[in-house]
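Chain B: place on chain A using the hints.
One line per chain: the protein sequences are A and B, in this order.
Quick note: the first sequence uses the numbering used here, first residue 1410, plus one each step.
Quick note: the second sequence uses the numbering used here, first residue 4, plus one each step.
Hints listed in this document are in silico derivations from the structure and should not be mistaken for laboratory results.
None of the hints are false.
DSSO-like cross-link-like pairs, simulated, lysine-lysine; straight-line CA separation at most 30 Å:
#1 K1411/A <-> K81/B
#2 K18/B <-> K1451/A
#3 K18/B <-> K65/B
#4 K1451/A <-> K47/B
#5 K1451/A <-> K86/B
#6 K81/B <-> K1451/A
#7 K1465/A <-> K47/B
#8 K1411/A <-> K65/B
#9 K1411/A <-> K86/B
#10 K86/B <-> K18/B
#11 K1479/A <-> K47/B
Derived CB-CB ranges, DEER-like:
#12 G1425/A <-> P64/B: 42 to 50 Å
#13 S1421/A <-> K74/B: 43 to 51 Å
#14 D1475/A <-> K86/B: 34 to 42 Å
#15 P64/B <-> E1412/A: 18 to 26 Å
#16 S1461/A <-> K86/B: 36 to 44 Å
#17 I15/B <-> F1502/A: 32 to 40 Å
#18 G6/B <-> F1502/A: 23 to 31 Å
#19 D66/B <-> K1411/A: 19 to 27 Å
#20 V58/B <-> E1454/A: 17 to 25 Å
Note that CB positions come from ideal geometry on N, CA and C, so glycine has one too.
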Amino acid sequence: QKEVEQDPGPLSVPEGAIVSLNCTYSNSAFQYFMWYRQYSRKGPELLMYTYSSGNKEDGRFTAQVDKSSKYISLFIRDSQPSDSATYLCAMTFYGQNFVFGPGTRLSVLP
Amino acid sequence: EAGVAQSPRYKIIEKRQSVAFWCNPISGHATLYWYQQILGQGPKLLIQFQNNGVVDDSQLPKDRFSAERLKGVDSTLKIQPAKLEDSAVYLCASSSVRGTGELFFGEGSRLTVL
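With the rest of the complex left out, here is chain A (with noise of 0.2 Å):
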């Protein structure tokens, strides 16, 4: 079993449509939990991090972490095209062994 598993698409949407991108994990002691968006021939860069279990919301963007069942969750709401990236799960505990999903590709349409 992977350490971080996740749906590598790709996922297209038409635009205005509310995306839900997923990551699973295998273990119990990752803390922090971050979703990167990466453009194409660009470096990732952080859209949410959680601590441990729970809701963030910021502007159209929800992240949601469920330690119980191991379980990520970023949704995005109203997509843009400009929305259209990879989106990579990540994880750690105190600074160390982050560990990145494979990333989902997700192209909303106009």
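Below, chain B without anything else, positioned relative to chain A:
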């Protein structure tokens, strides 16, 4: 605030040749990371520095890869000799606060080994 700087952006070499990548982290960031990202995969940690000391290099192929961070600022990652499977993007990241996951990445150095 200037971001993480990396060079070169692109490099094409033949197998068995050597290559070096340079990274300048965000000013004041004590922790520096080198990641390898193969096409279609997530970044994989190669080495983590805290100031100029190595925190984690467990996934660094030490027979061919080496990295240093002199004076706790700039860092260099070297591959010698390169293999075909080393074709990837080499990402440098830095962070100032351990444990919060706020890694700031550079744009990466894309290596093609022929």
